[in-house]
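Number of protein chains: 4
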Amino acid sequence: MKNIKIVVIGGGSSYTPELLDGVIRHWEAGDFFAGEVVLVDVPEGRERTEVIAEFSRRMMKKRGMPSTVRVSFNRKEALDGATFVISQVRVGGMKARRTDEHLPIKYGVIGQETTGPGGFANALRTIPVALEIAADVKEKCPDAWLLNFSNPSGLVTEALIKHTDVKTFGLCNVPISIKMAIAQALRVEPARIRLDVMGLNHLSFVTHVYRDGEDIRDLLFSRAFVGHLTKAAKLKPEMDRFLMRLKAIPSPYLQYYWLRRRTVSEEERALGNEGTRADEVMKIEEELFAQYRKPDVDELPEALKKRGGAWYSTVALDCISAMVRNVPHFEALNVRNNGAIVDLPSDCVVEITSVVDGKGPTPLQLGSLPLEVRGLVQQVKAYEELTVEAAVRGDVEAAFFALLNHPLVGDAEVAFDLLKEILESNREFLPQFQGKKL
Amino acid sequence: MKNIKIVVIGGGSSYTPELLDGVIRHWEAGDFFAGEVVLVDVPEGRERTEVIAEFSRRMMKKRGMPSTVRVSFNRKEALDGATFVISQVRVGGMKARRTDEHLPIKYGVIGQETTGPGGFANALRTIPVALEIAADVKEKCPDAWLLNFSNPSGLVTEALIKHTDVKTFGLCNVPISIKMAIAQALRVEPARIRLDVMGLNHLSFVTHVYRDGEDIRDLLFSRAFVGHLTKAAKLKPEMDRFLMRLKAIPSPYLQYYWLRRRTVSEEERALGNEGTRADEVMKIEEELFAQYRKPDVDELPEALKKRGGAWYSTVALDCISAMVRNVPHFEALNVRNNGAIVDLPSDCVVEITSVVDGKGPTPLQLGSLPLEVRGLVQQVKAYEELTVEAAVRGDVEAAFFALLNHPLVGDAEVAFDLLKEILESNREFLPQFQGKKL
Amino acid sequence: MKNIKIVVIGGGSSYTPELLDGVIRHWEAGDFFAGEVVLVDVPEGRERTEVIAEFSRRMMKKRGMPSTVRVSFNRKEALDGATFVISQVRVGGMKARRTDEHLPIKYGVIGQETTGPGGFANALRTIPVALEIAADVKEKCPDAWLLNFSNPSGLVTEALIKHTDVKTFGLCNVPISIKMAIAQALRVEPARIRLDVMGLNHLSFVTHVYRDGEDIRDLLFSRAFVGHLTKAAKLKPEMDRFLMRLKAIPSPYLQYYWLRRRTVSEEERALGNEGTRADEVMKIEEELFAQYRKPDVDELPEALKKRGGAWYSTVALDCISAMVRNVPHFEALNVRNNGAIVDLPSDCVVEITSVVDGKGPTPLQLGSLPLEVRGLVQQVKAYEELTVEAAVRGDVEAAFFALLNHPLVGDAEVAFDLLKEILESNREFLPQFQGKKL
Amino acid sequence: MKNIKIVVIGGGSSYTPELLDGVIRHWEAGDFFAGEVVLVDVPEGRERTEVIAEFSRRMMKKRGMPSTVRVSFNRKEALDGATFVISQVRVGGMKARRTDEHLPIKYGVIGQETTGPGGFANALRTIPVALEIAADVKEKCPDAWLLNFSNPSGLVTEALIKHTDVKTFGLCNVPISIKMAIAQALRVEPARIRLDVMGLNHLSFVTHVYRDGEDIRDLLFSRAFVGHLTKAAKLKPEMDRFLMRLKAIPSPYLQYYWLRRRTVSEEERALGNEGTRADEVMKIEEELFAQYRKPDVDELPEALKKRGGAWYSTVALDCISAMVRNVPHFEALNVRNNGAIVDLPSDCVVEITSVVDGKGPTPLQLGSLPLEVRGLVQQVKAYEELTVEAAVRGDVEAAFFALLNHPLVGDAEVAFDLLKEILESNREFLPQFQGKKL
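Chains as they are written, first to last, in our numbering: chain F, 14 to 451; chain P, 14 to 451; chain U, 14 to 451; chain C, 14 to 451.
By construction, these hints were calculated from the structure, which means they are not laboratory data.
Take these hints with a grain of salt, some might be off.
Put simply, identical chains are the same to the list, so a pair is met inside one copy or across any two.
For lysine-lysine, the following DSSO-like pairs were computed, each having C-alpha atoms within a straight-line distance of at most 27 Å [claimed, not checked]:
hint	residue 1	residue 2
1	Lys119	Lys249
2	Lys449	Lys372
3	Lys244	Lys450
4	Lys249	Lys450
5	Lys318	Lys307
6	Lys372	Lys260
7	Lys318	Lys15
8	Lys450	Lys260
9	Lys151	Lys260
10	Lys244	Lys119
Because the structure is a prediction, the values reported are computed rather than measured.
Next up, chain F with everything else stripped away, as it sits in the complex (with noise of 0.2 Å):
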């Protein structure tokens, strides 16, 4: 089994443990062994990233894994001879996250952690510190993998790919949910459906799945299964429209674009009253670090899987996994286009099923997306691309197109005025916009 060194950046989630849970499931199972773990966080994160270090051991210790777990707030030490990488930073914390989600829809415009403006200004603050942890790793471990969940990942994947030469895909655990739900509502299990995965990161498809190799769309598309399928898939009932002309499931991000107008009325009315999802998971957040805390607690509690961000550590572990084995392995991945997405740019970055070995992922080639949501995923890769490019260089006009290229805004005015109260709201985390002028 071979020994691997991984460094968690942004250590101090309380997704954490359920990455390290992971960790300790393959060495069991023999695939590799973690001998190193270190959690890396911002200083103001130091209480919350002890309690996690601290619960992590006793875990390991339960199970009886004999491996080192640190933490360390001096990110280019921690990094020094990592096998792999695992980013998951949140730049702004949970209080950026709550203004992601509360501005837009004052303007009558979905509010949202990764989708819209709200997704736009968490990539304009996420974007620069992951180019830096990208020179850090290129610095200390050349040869390391850098897995992102930052989010939006898609974007920030596609920042690292345009403008740094690390090794590194993105992760998402919306098209492995759907799996999830797929091979539960077909009562079978995970392991026998393989799904084919085209789009962008939470705006992809699948277009294809295979149960035990055999296309079964004639299964899956029909008026008796539908509506299972749609339910699995977390869509709302009206989306089996959809699922019948499609002959794709989309991820459940598709229903900010497609049931706008709702989704807009039921953000405003929760806003009034039960606050949007950060205000949820704020509160999660707080049940779960006091279950971390509980000295004999050894074991992952029930409240994580209200958590969010289901399977994500499966992912990511079983990726490390069939990348240390170099055993091939499907997962849909954010990765860079490179001509598998026809309708693409070729050097953007696309959500696509990809086989990853010792070799890194490598997509598949699936050919054109489906006509009836090829033009909003080139529409929103181009509001992608405008917002890498003024992430990255502080670019004022390319920020304001981007916001008027997203399909939710949509709208010079809006765009305009949202621009101006993200740019401000985020000003202690958009050092690359100091002294620009809107």
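Model the placement of chains P, U and C on the given structure of chain F, informed by the hints.
Chains P, U and C alone, transformed into the frame defined by chain F:
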């Protein structure tokens, strides 16, 4: 001077006299002689068509042109032996256009004859008729060119090019209007100005302006000049920002997208007051026909300038002249893409600067769209492809997805309600949807 | 262990025992159980086929595998209920191959079974038969996979993929042979080596070699190692220079192109002495069948190694195993390009590393060919497209232009004379050219 | 009439008087006035250049054109203030051309000034000089157009377009010669004929011929006419077959490829008798200069027609006229592909019908090459890309692979020997290869 026969389908339009005036001017200039002109219309348009024909004969007589102008309500008979066929039909007449404009506003969506749900409804009505016209042309005058100005011109031309093999291209008066405006702003003869235009009908972009062959972007997009340019191009003042970034001049229709919220407000306000453009045009037409009817009027009435469609007849007749004389001439036309715009499918119709000579139009190779508008154009093209599919096959699901794909709709509930009402209110003009269920 | 039925078309080949040996080994390894194996051949091959079947039964008996091996001279009957069909026909037999090899040498052109005019003649004979086999598969076992190893494998597969909708791909033993040779040169287990292969059948290139997932180009193409590599890949010593520049390993068939003059000389010399490869193979086959016939021989004879086609059965059965077990497996196969190699048409067949699982093979997205070989591959692909057209439609002109396009011919007079002689000497096998005139 | 300054680099060529005659004719026609013409040459060409200048002054005087014609051996000085620069240098002079033609024949390869190893050697010599000229143009007259007729025109233009940002395009007289020949065969005015031309320099194809705008392929490729066409296009009679299949007219240089064996035999025979074209041209030039020197000769001598390069000056000056007058004009030119021919890289140079006006040339979008020639053109383009790389960087390996890629070489041993001898015999003209080892 070559003798040609021109057939105008939709000859009873109030535009027609401008076309006939152009025919006379080209004869006066020695370009070609239209010895026979037939105005074809539907039987209900008989009175209007005869008024137009009679007025045209008076114009010709006054200027000494020895042509025959006749009316016909038998399309096939009229087409026999035609050299050029100009199609400018308006299926459902002004009343249907009025519905196209009014109906979407209820849903908070822009109501417009060619853009958005109005243009969509118009396409559903017009495309089947356009295909019938093409079939008649193939039968009676297979070597004739069919110049399409039936709106929505891009969509109708795409249907003709994908579903018939008639020799055809689509016209638009937007690019020439921008050219005229630039010439005026620069105080030079229009002939000294040439444009590179690319995009789609009513969503095209002037990416280069040449004065005497010299690219004058530095002048045009200077702080000092851009305001004149914006004004000349009939754009709202806030579009200055867009022009400065794009270094390109958009069609004014872009404002329906980028200034959509304001436009909807203005339309909502107008609906309760002076009405929409259709209401206005109906008044202008009344006035125009009153003039045409006067037996002593033998010159184009002043009021025609208010009619809109300025320069359309110039485009049509300059193309005919270039084809008849076999002399190369630049014009932005709707033609098969064929790779000329690399961001769009090869088999779709684009609006692009083409060189026209005896062979007809050939698109110039102009490369890529600016990133800032690429996604929008791709999204609208997806809408157009779905609309053509819906119109040709009477496919309700394609129709639904077309509307859903339109950036001004982009919401499934709105698309559904709009489509239902469009199918209902246009029922008599949509035989292809007979008995189909949404 | 799944129970499958394998039908081998051309079962009387001297190769077949190797295939059957592999079938036994996969059963021994617990991968799958081929409960029924049918060897199909033409009536003239009855004696040979029965010898093979009898010998195979002895092998199975010895190793305790309870399968049924039977012979059939009624293809449709045999195909009924098949799970996998392996096609390895040789239309015209060894005699026709001998002509393929001898005839071109007269014209100073390389004589070879798959490359040049010999492969061309072979394609003209084999493609019509391959299409008939595909039709039978569609009728009798439409869900079966057809693995094509009938030579020329790339051309036959292109005909199958363009002109039928059978589930199929083409096999080649060149890439696996290179892999085995590299493993040997590096003294590592073959399983630790993975290749990126791209190009055409018998004109493919190993563009990357991974050892345990690590790209080892710096080692392979070092001055110290390249000689070993060249030797291992069965390339002549002067190919060192090519490898150093390309940083890629070509199929040995590339030498027919790049060392053509010397090869022609060698062939001319051999023709007057020991004869061509066909002559040699005929002798080996005699020897092999002598062995197979001996009632006490129940193991693969040593002489089989001289037969050529090493590892072909490994490729075929590893693919079948991956499909049956639905476990991902890398193999360089002949599949529809679909954009995987951007320099070649989307609808053509390429040889490319694919990942095979229950769904069948999916090509990896590998990008562009090295500039140094791009043009040659494109030229050969044009030859292949024309050859397929000629073979399917019996189009004499397409046949002439195919030969003219082949880089080893490239001369109209030679192409003309060669074609004339090929059509004549293969007349009985070319019904599609009956009555056509050159 | 605009006053322009034309600088001719390589002004001492025997072609130059034809160019000057064209300059006079355009002045007579009222198109433009070349008030200053400077003939630039190397010091060794002083006597020839002065003879040409003096003769040109006599022509002008006779026809009353008040221009200044002067000679200069200081390129930078001469370029100052130029409007158009025509480059027609022959690095190494006729002696080097003679070697280009003779040397390959030894190896059984066609010897020719622009095609094959001869053109390759010519490119290695000429490209560095062309880049120096471009640098001088950028410095002294950055707005001037550089018209390249230095051979091999396609290769030199590709180097200029890839490695400088000078305003440039390449000329060729083959397409216009075919046009003139077709016009003659049809007995119509050349102005009534227009061609669609696509391919590479000296490997281009007329894919459509329009007479008065009408596509006349049915007439041209009829059994009755094709013989006239073949003859007119200076093709050997057996090319009839090719034309009938292609429905396209190739450049006569295609025969070097398709009739290579016979051409080599003819060249081998000629080498021992009358010599090659260079030998012949040297004699013609002697005769021409004898005429130019006569003080009473003030008209173009008859002998000039034998010189070759017919219509080159027509192409150059018609383009200049179209640019000066800003009037659209069709010409097949060497320009950046940019997607106009979809089978070739976007950034390479192609020969394609372009429309020229004040903006310069813009290629028409003409789509795909015929399958029958696609592969050959792609292969030659790969050779060209490698040659440009070799010439610009002095890369010996690129040079070797360039020759190996050339369809007329296509053999490593031949390529090696040829390259060695080319580098040696051209040593004084190849500073970029100084000290590089094969």
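Taking the hints in turn, this is what the structure says about them:
1. Lys119 to Lys249: both (25 Å within a copy, 26 Å between copies)
2. Lys449 to Lys372: neither (42 Å within a copy, 37 Å between copies)
3. Lys244 to Lys450: between (47 Å within a copy, 25 Å between copies)
4. Lys249 to Lys450: For lysine 249 and lysine 450, the Cα distance is within 27 Å only across copies (22 Å; inside one copy 42 Å).
5. Lys318 to Lys307: within (18 Å within a copy, 68 Å between copies)
6. Lys372 to Lys260: between (33 Å within a copy, 17 Å between copies)
7. Lys318 to Lys15: neither (30 Å within a copy, 38 Å between copies)
8. Lys450 to Lys260: between (47 Å within a copy, 20 Å between copies)
9. Lys151 to Lys260: between (43 Å within a copy, 25 Å between copies)
10. Lys244 to Lys119: Answer is neither; intra-copy 30 Å and inter-copy 32 Å both fail.
Comparing the model with each numbered hint stated earlier shows that hints 2, 7 and 10 do not hold.
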